[in-house]
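Asks: Letter by letter, the chains look like this.
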Amino acid sequence: MTTKKSHKRLTLILGCGVLFMFGFCYMLIPLYELVCKKEGINGKGASSAAVIQSGMTVDHSRVIKVDFSTSLHANLKFKFIPLERHITIHPGETKLIYFYAENQTGHEITAQAVPSITPSDAAKYLKKTQCFCFTQQYFFKKEKADMPVYFFIDPSVPKEIKEITLSYTLFDASAFPKKQARVTQGRIDL
Amino acid sequence: MSEAIHHAHHSGAHDDHHHGPEKGFKRWLFTTNHKDIGTLYLVFSLIMLFVAGFMALLIRIELFEPGKVLLSPETFNQMTTMHGLIMVFGVIMPALAGFANWLIPMMIGAPDMALPRLNNWSFWLLPFAFSMLLSTLFMSGPSPDFGWTFYAPLSTTYGPQSTDFFIFSIHMMGASSILASLNIVVTIFNMRAPGMHFMKMPLFVWAWLSTGFLLLAVMPVLAGCVTMMLMDRHFHTSFFNAAGGGDPVLFQHVFWFFGHPEVYILILPGFGIISEVIPAFSRKKLFGYAAMVYATAGIAIVGFVVWMHHMFTTGAPYFAQLYFMYATMLVAVPTGIKVFNWLATIFKGSITFETPMLFALGFLVMFTIGGLSGVMLSLVPADYQYRGSYFVVAHFHYVLVTGSLFTIFAGVYYWLPKWTGRMYSETLGQFHFWLSVIGMNLTFFPMHFLGLAGMPRRIPDYAIQFTDFNQIATIGAFIFAIGQLFFLYVVIQACRHKGKRVVEDKVWEGAHGLEWTLPTPVPYHTFETAPVVH
Chain A
1 MTTKKSHKRL TLILGCGVLF MFGFCYMLIP LYELVCKKEG INGKGASSAA
51 VIQSGMTVDH SRVIKVDFST SLHANLKFKF IPLERHITIH PGETKLIYFY
101 AENQTGHEIT AQAVPSITPS DAAKYLKKTQ CFCFTQQYFF KKEKADMPVY
151 FFIDPSVPKE IKEITLSYTL FDASAFPKKQ ARVTQGRIDL
Chain B
191 MSEAIHHAHH SGAHDDHHHG PEKGFKRWLF TTNHKDIGTL YLVFSLIMLF
241 VAGFMALLIR IELFEPGKVL LSPETFNQMT TMHGLIMVFG VIMPALAGFA
291 NWLIPMMIGA PDMALPRLNN WSFWLLPFAF SMLLSTLFMS GPSPDFGWTF
341 YAPLSTTYGP QSTDFFIFSI HMMGASSILA SLNIVVTIFN MRAPGMHFMK
391 MPLFVWAWLS TGFLLLAVMP VLAGCVTMML MDRHFHTSFF NAAGGGDPVL
441 FQHVFWFFGH PEVYILILPG FGIISEVIPA FSRKKLFGYA AMVYATAGIA
491 IVGFVVWMHH MFTTGAPYFA QLYFMYATML VAVPTGIKVF NWLATIFKGS
541 ITFETPMLFA LGFLVMFTIG GLSGVMLSLV PADYQYRGSY FVVAHFHYVL
591 VTGSLFTIFA GVYYWLPKWT GRMYSETLGQ FHFWLSVIGM NLTFFPMHFL
641 GLAGMPRRIP DYAIQFTDFN QIATIGAFIF AIGQLFFLYV VIQACRHKGK
691 RVVEDKVWEG AHGLEWTLPT PVPYHTFETA PVVH
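Which chain is which? The protein sequence lines are A and B, in order.
With the first letter of the first sequence counted as 1, position 41 gets the number 41 in the working numbering; the numbers rise by one all the way through.
With the first letter of the second sequence counted as 1, position 214 gets the number 404 in the working numbering; the numbers rise by one all the way through.
If you are wondering where the hints come from, they were derived from the structure by calculation, not from laboratory data.
Cβ coordinates follow ideal geometry from the N, Cα and C atoms, glycine included.
Treat the hints with care, as some may be off.
Okay, derived cross-link-like pairs now, DSSO-like style, lysine-lysine, Cα gap no bigger than 30 Å in a straight line [claimed, not checked]:
id	chain 1	residue 1	chain 2	residue 2
1	A	79	A	141
2	A	65	A	38
3	B	475	A	8
4	A	79	A	8
5	A	179	A	37
6	B	538	A	8
Which bits of chain A does chain B cover? Going by a derived footprint, with three or more residues having C-beta under 8 Å, they are [as the list claims (entries may be wrong)]:
id	stretch
7	27–35
8	56–70
9	92–99
10	128–135
11	149–163
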C-alpha cells in the first residue's frame, strides 16, 4: 500500500513540528528578555547599565517626581530602605541616591535586588549608569551599607509622565550560583 | 455537503477476514480498533466527570455559608485545583478525543485510524497519568493546591512536595494528547475515501483537524513549561525565580501561550458536533459551510496571538494591552459567524426537539452568554474590575459547561443510538437536559453578580452579603449533579443493550454523512472497502 509510506512521512513531519514547538517554548525565554530589554519594560532595562548619549541636555522646563520604595522578599531578615523617599529631577539630569541595607539574618548572605518601575510606560525612560542591582550583593553577618544608584531620566520622556516610582525587592540569592566576586563599587560600608 | 454515496456492499454481508473483538479485559487493553478506543476515551471521561464533579460539589458545600462549613482552606485549594485540572484534561479533552476516534474514520470513509497501535498507547497513558495525579490526594502532604493554572512561584518555590507528581502527570497527559492529535491529523490527511475532498469533509472533521494542529503546537509548550518548573524546583535553575535572574511573569507568558489555544482545543470539536446536530434536526443543509470552515481555522489561528489578555493586570505596557484587547475582540468575529450560521440553519427549518437538539439549542443560547461575558472581559478598562472575581468563574463555566460539556452531551445522544443500536429514553434525556439547564444557570448566573459585587475567586470564605447568591449557586450545583445521574443511567442502559432497538441505518431522518450509511449498530469493522463519495 502506498498509504503506509505516506503515514510515516507525515508522522515524521508532524513529529518534527512537535519537537520544534518544545524548543520554541525554551526560545520564548531569550525572546522575552529581548523584547523586555528593547522596550525597556518590566524592569529588564533597569537592571543593566545605560550609556549617557553625548549631547544630552538637561530640560530645565520640566520636573519629574521620582518615588523610591523597597520591599523584602518572603521573610528575608534585612533592613532595606531608601535614604530619601522621593526626589524631584529634571529630565537629562543625573542624580545619585543611596539605599541603606542591613543584614539582620545572623549569617552571611548573597542578596539580589530586582527593580521595577511604574508606570510601565515610563520604564524605558528611567536609565541607570550604576546600580547595586546590576550585581549580586554580598553581606557579612550584621553588615550595613549604603548602596548607590546613579540614574537619569531620558529627555525624550513623554510630557504626561510627571511621577515615576522606582521600587526594589531584595531577594535572598544564596541558593543560586555566585555570579561574580564581591563587588563593593560605590558602596559605603558603615 | 450532501453527497450521494455509492456504497457497493454493506459490510458484514460476506466477510472473509471479519473477526469480532477479543473477549474480556484483553480486548480493551490490547485493542487497536478505533471504536474500542473511542469507547475507552468516553468511558474514562465519564468516570472523571463524576470524580471532578464530586469535587465541585465539595467546593459548593464549603461556599454554602461564610466561614468554615466542611473543608479547611488548604483542602479547598486542593479541590479547586484538582477540579479544574481533571475537568480540562480528564473530562473534556478525552471525551472529544473519544468522539474523534469513533467518528473521524466513519465520517471520512476510513477503515480505522492511521496509526492504530499509537492510538492504543495514547489512550492508555491517560489512566496512569490521572492515577498519579489523584494519588496525591492520599499522600501525607497536601496535593497540588495552586489552581489549575499553577502559577510560579506558587507551584515552584511554594509548591507542595506532590507538585512533582503533578508535573509528571502533566507530561503524560501531554504525551497522550500529542500522540492522539498526531494520529488524527495523519488520518484526516491520508485516509479520506476517494472523492472526500477537504471541502466535502463534515465540519466535525474540520474542527478536529484545526484542533489537532493546535494540540500539536501547544502541548509541547506546556511540556516545556512544566519541565522548567521541575528544573526550578530541583536543579537550581531560575527560569521563574527573580532571585536568580528569572521572572515569574515569564511563567504566565509561557503558560498562557499554551493556555489560550487550549481553551479553543476544548471548544472547537464541540462546534463541530453542533454543526452536525443542528442541520440534522432542522432538516436543512448547514448554512454557509465554507464560512464555517474558514471561521474554524480562523479561530484556531487567532488563538495564538491573544494570550496576554489573561495577564492585563500584571503591569503589561499600554501598547500590549491595546493590541491584545483588539485581537481578543477579533475572536468574536469568526465565533459570531458560526453562531449566526447555526441560527440561519435553524431558520425556516422543520425543527424537532429531541434531546441532542435540545442540548445544541441550549449550547447556542448559553455559550453565547459566555461569549459575551468574554467580550466584556477582553476590554482592558473593565477587565481591571472583573479580574480575579467570580465574574471570571461565571464566564468560563458558561463556555465550558454549556459550551464544551453540552456539545458532548448533544453528541452522545446523537450518535449513541447509532453506536449501540439502542434508542435512549427520550423522557430521561429531556429530564437530563432540563435539570442541567436549570441547575447550570442557578449555579453560574448569580456568579456574574457576585463577581461584579467584588467576591474574589479561589477563596473558601466570603463576606456575609454574598450569602444568598452563594446558597442559590450551591442548590443549583446539586440540581445539576442530579441531572447527570440521568445521563449516567441512559448511557449504561444503551451500553447494556437495553431499550428500544434501532434498525434503520439513518437513525435520525435529517442526518447526513457517511457514518449514517453504515448498519446500526455499527459493526466492529467498517469501510474495509472505501466508499466512493461523489
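Asks: If a hint holds in the structure, say so; if it doesn't, say that too.
Replies: Going down the list of hints, with the structure as the test:
Of the pairs offered as hints, the one joining residue 79(A) and residue 141(A) holds, with about 13 Å between alpha carbons and a cut-off of 30 Å not exceeded. Distance check on the hinted pair: residue 65(A) and residue 38(A) sit about 25 Å apart at the alpha-carbon level, within 30 Å; holds. Distance hint between residue 475(B) and residue 8(A) is unfulfilled; the C-alpha atoms sit about 37 Å from each other, more than 30 Å. A threshold of 30 Å between alpha carbons decides the hint, and for residue 79(A) with residue 8(A) the separation of about 63 Å lies outside it, so the pair is violated.
With a CA separation close to 20 Å, the supplied pair residue 179(A) and residue 37(A) stays within the 30 Å bound. Distance check on the hinted pair: residue 538(B) and residue 8(A) sit about 47 Å apart at the alpha-carbon level, beyond 30 Å; violated. Coverage of the stretch 27–35 of chain A by chain B holds. Counting CB-CB distances below 8 Å, 3 residues qualify, and the rule asks for three or more. Coverage of a stretch by a chain is defined here by at least three residues with a beta carbon nearer than 8 Å to that chain's beta carbons; for the stretch 56–70 of chain A and chain B the count is 0, and the condition is violated.
Counting residues of the stretch 92–99 of chain A whose CB falls under 8 Å from any CB of chain B gives 0; the rule of at least 3 is not met. Residues of the stretch 128–135 of chain A lying with their CB closer than 8 Å to a CB of chain B number 0, which falls below the three-residue condition for coverage. With a cut-off of 8 Å between beta carbons, the stretch 149–163 of chain A has 0 residues touching chain B; three or more are needed, and the interface restraint is violated.
Against the hints set out earlier in the document, violations occur for numbers 3, 4, 6, 8, 9, 10, 11.
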